[in-house]
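**Student:** Note that our numbering numbers the sequence shown so that position 186 is 250, with each residue one more than the last.
Among the hints, a few may not be true.
Here are the computed lysine-lysine pairs in the BS3-like style, where the Cα-Cα straight-line distance is at most 27 Å [as the list claims (entries may be wrong)]:
1. K150 to K237
2. K240 to K131
3. K196 to K159
4. K156 to K196
5. K149 to K159
6. K150 to K188
7. K109 to K237
8. K149 to K188
9. K222 to K242
10. K131 to K159
Derived CB-CB ranges, DEER-like [what the hints assert, rightly or not]:
11. R248 to G155: 21 to 31 Å
12. E225 to E161: 22 to 32 Å
13. A173 to G152: 34 to 44 Å
14. S105 to T135: 16 to 26 Å
15. K222 to S263: 15 to 25 Å
16. D154 to Q287: 17 to 27 Å
17. G155 to Q261: 40 to 50 Å
18. Q289 to V165: 29 to 39 Å
19. Q261 to R306: 18 to 28 Å
20. Q289 to Y169: 37 to 47 Å
21. Q287 to K150: 20 to 30 Å
22. Q289 to Q261: 11 to 21 Å
Derived by calculation from the structure, the hints in this document are not laboratory data.
Predicted model, so just to flag it, every value in this text is computed and none were measured.
Note that CB positions come from ideal geometry on N, CA and C, so glycine has one too.
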Amino acid sequence: MNSWWVKIIVIFAAVFIFVKFAPGIPVTSVVTQKQDLFTVSGVGKVTVVPDTGIVDLGINLTRGTVKTAQTEVNRVMNTITDNLKKMGIDGKDIKTENYSVYPKYDYTAGTSRVTGYRVSASLKVTVRELDKLNQVIDTATADGANTVSGIQLTVDDKRREELMQQARNEAVKRAKSKADSLSRAAGISLGRIINIQESGTPGPEPVFLALDKAGRGGGGETQIQPGSTDIVSNITLTYETR
């Protein structure tokens, strides 16, 4: 037998031995199992009277020069700030929100000329004792603020979180009760809860107040009633079924 045939026989023999005695190649097997789910939602609500007010106090003046306008606006801002602090408003709750300067033009005969400069500034004030909100507005307008806007009645952050937790607890309780009732009616056996989702309520809608050029909104003292607001939690529970 020539050497060529010997080589062929040796190769086939080697392949046969490898296939016969080599360890098996591992194969990953994935078994999918259909999982039936049961989803139910519950709503929890806590009604609360706001305890905090936020208000934007604006000063808008037009004068012949930038310096004159800025000097007067700065004086009004400082006066408002000083008097609000005397009322017990913390300095950290009085924040300059905007300060802008721009020229006023007169357009005649196809030309334009600067007739003055307008300076606008605003203070954002957080009033943590809500019963002082009306007094804050009256004091600021008496001191020279000529716009009031963005009045927002809300709840202190710490208190809001406590109330939100109450709303969550109620929402979960209602969702579980509904799940028990519906599953019994449908003849479904519920397993463990595998997912929880929450959506909450947005903050209270702001109430806007505009003042006339004289700095008063129709005369008399400011009267803003806090009313009430709802803190809401929407909870969705997903159960396994058995």
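**Student:** Please go over all the hints and tell whether each is borne out by the structure.
**Tutor:** Now for the hints, and whether the structure bears them out:
no.	hint	result
1	K150 to K237	47 Å, violated
2	K240 to K131	67 Å, violated
3	K196 to K159	18 Å, holds
4	K156 to K196	17 Å, holds
5	K149 to K159	12 Å, holds
6	K150 to K188	17 Å, holds
7	K109 to K237	12 Å, holds
8	K149 to K188	14 Å, holds
9	K222 to K242	31 Å, violated
10	K131 to K159	22 Å, holds
11	R248 to G155: 21 to 31 Å	60 Å, violated
12	E225 to E161: 22 to 32 Å	26 Å, holds
13	A173 to G152: 34 to 44 Å	56 Å, violated
14	S105 to T135: 16 to 26 Å	59 Å, violated
15	K222 to S263: 15 to 25 Å	22 Å, holds
16	D154 to Q287: 17 to 27 Å	25 Å, holds
17	G155 to Q261: 40 to 50 Å	41 Å, holds
18	Q289 to V165: 29 to 39 Å	37 Å, holds
19	Q261 to R306: 18 to 28 Å	22 Å, holds
20	Q289 to Y169: 37 to 47 Å	43 Å, holds
21	Q287 to K150: 20 to 30 Å	22 Å, holds
22	Q289 to Q261: 11 to 21 Å	36 Å, violated
Hints 1, 2, 9, 11, 13, 14 and 22 from the list above are not met by this structure, while the remaining hints are.
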